[in-house]
Amino acid sequence: MKNFWYLFAAYTIVWSFIFAYIVNLTRKNNALREELHDLQLYLEKIVSKKEAPQ
Amino acid sequence: MHKDLNSFTALMSSSKIFIQQVLALLAKDLKTEWRTREIFTSMFVFAVLVVVVFNFAIGADPQVIRKVVSGVVWVALVFAMILGLQRAIQCESEEDCLHGVLLALHDRSALFVAKVIANVLYMLLVAVCVLFLFSIWFGIDLTSCFFALWIVLVLGILGFSFVGTLFSLIVLHTRTREIMLPLLFLPISVPLIIASVYATASLIEGKSLTDITDYLTLMGVFDVVFLVLGLLVFDFVVEE
Amino acid sequence: MLSRSAFTLWRMIHAVAMYVVVGLALWMIFVYVPSEKGQGLVQRIFYFHVSSTFTMSLAGLVAFVASIIYLWKKAPRWDNIAMSAVEIGTLFCALVLITGSIWARPIWGVWWTWDPPLTLTLVLWLIYVAYLMLRANVQDDTKRARFAAVLAIVGGVDIFLIYLSIRMWRTLHPKPIVIQEGGTTGLPPSMFWTLMVCFVAFLLLFFYLLRERVFLAQSRHDLEIIRQEIDDTLKG
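Protein chains in written order, with this note's numbering: chain F, 1 to 54; chain D, 1 to 240; chain G, 1 to 236.
No wet-lab data here; the hints were simulated from the structure.
Keep in mind it's a predicted model, so treat the numbers as computed, not measured.
It is possible that part of the hints are untrue.
[Claimed, not checked] Distance condition first, Cα-Cα at most 20 Å in a straight line; then the derived SDA-like pairs of lysine to any residue:
hint, chain 1, residue 1, chain 2, residue 2
1, D, Lys16, D, His106
2, G, Lys73, D, Asp141
3, F, Lys28, G, Ala136
4, G, Lys73, D, Lys207
5, F, Lys28, G, Ala217
6, D, Lys3, D, Ser13
7, D, Lys16, D, Leu111
8, D, Lys67, D, Phe134
9, D, Lys67, D, Leu149
10, F, Lys28, G, Leu223
11, F, Lys45, G, Val129
12, F, Lys45, G, Ile69
13, D, Lys67, G, Arg170
14, D, Lys67, D, His173
15, G, Lys143, D, Ser13
16, F, Lys45, F, Lys28
17, G, Lys143, D, Lys16
18, G, Lys143, D, His173
19, G, Lys74, D, Val238
20, G, Lys143, G, Ile69
21, D, Lys16, D, Trp34
22, G, Lys143, G, Val129
23, F, Lys28, G, Asp232
24, F, Lys28, G, Thr8
25, G, Lys235, G, Ile225
26, D, Lys207, D, Gly139
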């Protein structure tokens, strides 16, 4: 039990780094997915509007 | 038989053109340098400064000095070369003549070879001056291992030039050149740094060439690998 | 290209598998496997430390191969894969160095030595960082991808020479006085299987992160394209 805090520190660091990276990635990915989806809809709207008068 | 002869003469003539273009580029670079002598003087002065500062940093104990001499020499040379490459690249980007040169070339790797040769020449000149000063200032006898020392110097400088020239052309297009060139160059050159320093140290200690064959082999392999790699990827580096 | 629903299904399966195996790995590390006799509790760092080594090397290999394919095929997707692999490689390389240090302190008494594996890992980390900094400093997209690919290939070939030279260098220096071997040779079965499960866990983790990161890069690219299309449609 004597070097417990070293063990704890090591695993905490591994966990924090990986967790932070995953959270960062997922957050950016979700935001981008939403933005892409919105822009796609917008594009479709303005394209149909252009073709509508004809 | 006729086809073989044709392809052979074609190969010969393209090699001749290659050599001619390399020499032409080399002459241009050397002539420009001879007019201003910017690159050589900055490299030489910097190397000297490094040696002087190290002298203060290490202290006066001759035993300690003997142990670190080799390292100091190569640190001075490597950093002087990085400085020289930075200056050369600055000249290239200011005049923007790289474009025109590349268009005129039959085989673009001629530029790589020419630049490497120019760099090696500057470095050898700097090395001569630095080693001369070294032997005087630190009382190190270099005459006994003179010939062997030059083999190690040439192998080392050649390898550093291959890596340095390749990366200097990459770094030409980056924003923060001053840090990018050392950052790219140094970790990749670690094998050569280690081998050069320890080969030189062994020679200064009094060992002969046969004792350092493993270092020499590593340096030789490094040089060949980076010559081949340099030629292979050069087209990708200078493509527009 | 996979349809949207198929992609998300595979993503979910991957994520679930990952969590399950990581959970199993953690259980094995902290409950199942017995403590090592010489080093005690701290030795358990070894499982994640070695697994991270495996991942950082795999990342390097992926980046090397992807860079060659990029220079050959010139498809941006391969550049995205190389870049993502290097990013993840930097993360795991840093973890190797940090967990290694934390493990070394109680066992060897020092935070660091210039032993071959440690020095090699440090130089590898520097090369990964150089790659990322190079990418950050080049403005033009195609140039950035090409230069990065060149660096990855040069680095990949060089790593063997670096390994040889560091080994040559190190045989001259005395080893630190207090060193007990970590003992990876002749592992008892319980430790071996714990390590294997950790390898699988980290493998799944690596590919999950790679996939997410590549998707991020690809999405950014797609976003540019859609923005351009919208601009064109509004103007034209």
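Each hint tested on the structure:
| no. | hint | verdict |
| --- | --- | --- |
| 1 | Lys16/D <-> His106/D | 11 Å, holds |
| 2 | Lys73/G <-> Asp141/D | 56 Å, violated |
| 3 | Lys28/F <-> Ala136/G | 18 Å, holds |
| 4 | Lys73/G <-> Lys207/D | 51 Å, violated |
| 5 | Lys28/F <-> Ala217/G | 10 Å, holds |
| 6 | Lys3/D <-> Ser13/D | 15 Å, holds |
| 7 | Lys16/D <-> Leu111/D | 15 Å, holds |
| 8 | Lys67/D <-> Phe134/D | 14 Å, holds |
| 9 | Lys67/D <-> Leu149/D | 16 Å, holds |
| 10 | Lys28/F <-> Leu223/G | 13 Å, holds |
| 11 | Lys45/F <-> Val129/G | 44 Å, violated |
| 12 | Lys45/F <-> Ile69/G | 39 Å, violated |
| 13 | Lys67/D <-> Arg170/G | 16 Å, holds |
| 14 | Lys67/D <-> His173/D | 40 Å, violated |
| 15 | Lys143/G <-> Ser13/D | 33 Å, violated |
| 16 | Lys45/F <-> Lys28/F | 26 Å, violated |
| 17 | Lys143/G <-> Lys16/D | 32 Å, violated |
| 18 | Lys143/G <-> His173/D | 8 Å, holds |
| 19 | Lys74/G <-> Val238/D | 15 Å, holds |
| 20 | Lys143/G <-> Ile69/G | 16 Å, holds |
| 21 | Lys16/D <-> Trp34/D | 26 Å, violated |
| 22 | Lys143/G <-> Val129/G | 18 Å, holds |
| 23 | Lys28/F <-> Asp232/G | 27 Å, violated |
| 24 | Lys28/F <-> Thr8/G | 16 Å, holds |
| 25 | Lys235/G <-> Ile225/G | 15 Å, holds |
| 26 | Lys207/D <-> Gly139/D | 18 Å, holds |
The structure is inconsistent with the numbered hints 2, 4, 11, 12, 14, 15, 16, 17, 21, 23, although it conforms to all the rest.
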